[in-house]
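Numbered per my numbering, the sequence shown finishes at 314, counting up by one with no gaps.
Keep in mind that the hints were calculated from the coordinates and are not lab data. Please note that the accuracy of each hint is not assured.
[What the hints assert, rightly or not] Mimicking DSSO-like on lysine-lysine, the simulated pairs with C-alpha atoms at most 27 Å apart in a straight line are:
{"id": "1", "residue 1": "253", "residue 2": "218"}
{"id": "2", "residue 1": "79", "residue 2": "253"}
{"id": "3", "residue 1": "79", "residue 2": "167"}
{"id": "4", "residue 1": "167", "residue 2": "150"}
{"id": "5", "residue 1": "7", "residue 2": "149"}
{"id": "6", "residue 1": "38", "residue 2": "218"}
{"id": "7", "residue 1": "45", "residue 2": "311"}
{"id": "8", "residue 1": "152", "residue 2": "44"}
{"id": "9", "residue 1": "116", "residue 2": "167"}
{"id": "10", "residue 1": "7", "residue 2": "174"}
{"id": "11", "residue 1": "100", "residue 2": "44"}
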Amino acid sequence: MEYRKLGSSDLEVSAIGYGAWGIGGAPFWESEGHTKSLDSIKKAYDLGINFFDTAPVYGFGHSEELIGKALKQVRDKVIIATKCGLRWDKEALGSIRKDASRNSILEEIDQSLKRLDTDVIDLYQVHWPDVETEQRETMETLVEIQKKGKIRHIGVSNYSAEQIKECLQYGKIVSLQPEFSLLARDIQNGTVSVCLENDIGIIAYSSLASGVLTGKYDKNTKFKDWRSKGIIGTFTGEGFVRNIEKVDQLKEIADKEGKTCGQTAINWVLRQEGISTALVGVKNPDQVEENLKAVGWEPSAENCESMEKIFA
Numbered sequence: 003m004e005y006r007k008l009g010s011s012d013l014e015v016s017a018i019g020y021g022a023w024g025i026g027g028a029p030f031w032e033s034e035g036h037t038k039s040l041d042s043i044k045k046a047y048d049l050g051i052n053f054f055d056t057a058p059v060y061g062f063g064h065s066e067e068l069i070g071k072a073l074k075q076v077r078d079k080v081i082i083a084t085k086c087g088l089r090w091d092k093e094a095l096g097s098i099r100k101d102a103s104r105n106s107i108l109e110e111i112d113q114s115l116k117r118l119d120t121d122v123i124d125l126y127q128v129h130w131p132d133v134e135t136e137q138r139e140t141m142e143t144l145v146e147i148q149k150k151g152k153i154r155h156i157g158v159s160n161y162s163a164e165q166i167k168e169c170l171q172y173g174k175i176v177s178l179q180p181e182f183s184l185l186a187r188d189i190q191n192g193t194v195s196v197c198l199e200n201d202i203g204i205i206a207y208s209s210l211a212s213g214v215l216t217g218k219y220d221k222n223t224k225f226k227d228w229r230s231k232g233i234i235g236t237f238t239g240e241g242f243v244r245n246i247e248k249v250d251q252l253k254e255i256a257d258k259e260g261k262t263c264g265q266t267a268i269n270w271v272l273r274q275e276g277i278s279t280a281l282v283g284v285k286n287p288d289q290v291e292e293n294l295k296a297v298g299w300e301p302s303a304e305n306c307e308s309m310e311k312i313f314a
């Protein structure tokens with residue numbers, strides 16, 4: 003496994019990070035079961051993954067509980083990241099709301115510490131920008147709980163370049179977690195530059211575009227989880243068809259490299275400027291092993307150029 007420094011922090015994170023959204027199950031994903039989830043976490047650790055990213059909203063606390071249970075015996079050897087700023091009144095997709103206020107964060111941190119069964123969280127991230135709450139209030143609260151020893155480092159997720167700059171007026175952030183893949187490259191239009199200028203590490207999520215870049219779907223695929231809701235065009239309608247056409251071309255490149263489509267897609271993310279780790283969602287042990295083969299190789303110059311043309 004390759005390890006990289008996370009921004010200005012003292013954290014050395016594995017190039018592949020364990021994304022724990024999927025193991026949370028409902029309301030976003032179909033669960034593969036408690037045992038398989040725990041086994042996948044332990045397998046990831048055994049194979050060198052030391053960075054585990056979760057959030058309260060993933061399974062309404064279930065994901066955090068699984069991470070805490072699986073890593074209890076090796077807590078001092080791993081980096082646990084979780085989030086704040088998304089709340090719910092009932093366990094349903096439509097009830098989730100943004101709230102990064104002081105009162106919410108102070109309540110959430112203690113709940114996460116309990117579910118994760120730990121005394122401190124290594125990286126605590128604001129899940130989504132909350133436009134109803136001043137950035138100053140959010141950041142000052144995070145600095146407050148950092149001084150109390152409840153969290154080690156502060157990060158943000160899904161923030162724009164301008165929002166990051168505003169945050170930096172009130173405290174130090176060491177990471178940004180944006181969506182980033184061959185199919186989602188918006189951060190390359192200015193956000194990456196802001197991160198590099200301020201020594202902020204980038205934790206790429208959805209490196210496989212929630213499975214589309216694995217190459218296992220076709221134009222007729224119908225999803226049974228949140229991807230069927232039409233929330234974004236990656237998974238439905240003409241947008242999905244166009245993406246599948248691009249992935250079919252990526253398969254040809256992957257074949258030339260002797261790799262899978264997914265391995266090639268993750269490898270691309272890891273080769274981009276500013277990336278500290280690529281989060282990969284896994285729900286069973288076999289997926290862990292396959293995804294790790296994305297590390298430690300570089301495609302030919304010709305294939306790199308072809309990928310840029312396909313996914314421009």
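Checklist entry - Does the structure keep residue 38 and residue 218 at a Cα separation of 27 Å or less? => result The hint holds at about 21 Å.
Checklist entry - Has the given pair, residue 167 with residue 150, been kept, meaning a C-alpha gap of at most 27 Å? => result 25 Å, holds
Next on the checklist: Tell me if the straight-line CA distance from residue 79 to residue 253 falls inside 27 Å.
Outcome noted: Answer violated: residue 79 to residue 253 is near 36 Å, above 27 Å.
Item to check | 27 Å Cα cutoff - pair residue 79, residue 167 | outcome: 32 Å, violated
Next on the checklist: Does residue 218 sit within 27 Å of residue 253, going by the straight-line distance between their CA atoms?
Outcome noted: Holds, because 10 Å separates the two Cα atoms, which is no more than 27 Å.
Item to check | Restraint check for residue 7 with residue 174, where alpha carbons must lie at most 27 Å apart | outcome: 16 Å, holds
Item to check | Satisfaction of hint between residue 311 and residue 45, Cα-Cα up to 27 Å | outcome: 36 Å, violated
Checklist entry - Holds or violated: residue 152 with residue 44, Cα cutoff 27 Å? => result 25 Å, holds
Next on the checklist: Just to be careful, I want the Cα atoms of residue 7 and residue 149 compared with a cutoff of 27 Å; is the pair within it?
Outcome noted: 22 Å, holds
Checklist entry - Does the structure keep residue 116 and residue 167 at a Cα separation of 27 Å or less? => result 32 Å, violated
Checklist entry - Are the Cα atoms of residue 100 and residue 44 separated by 27 Å or less? => result Roughly 32 Å separates the two Cα atoms, so the pair is violated.
Checked against the numbered hints above, the structure breaks hints 2, 3, 7, 9 and 11 and satisfies the rest.
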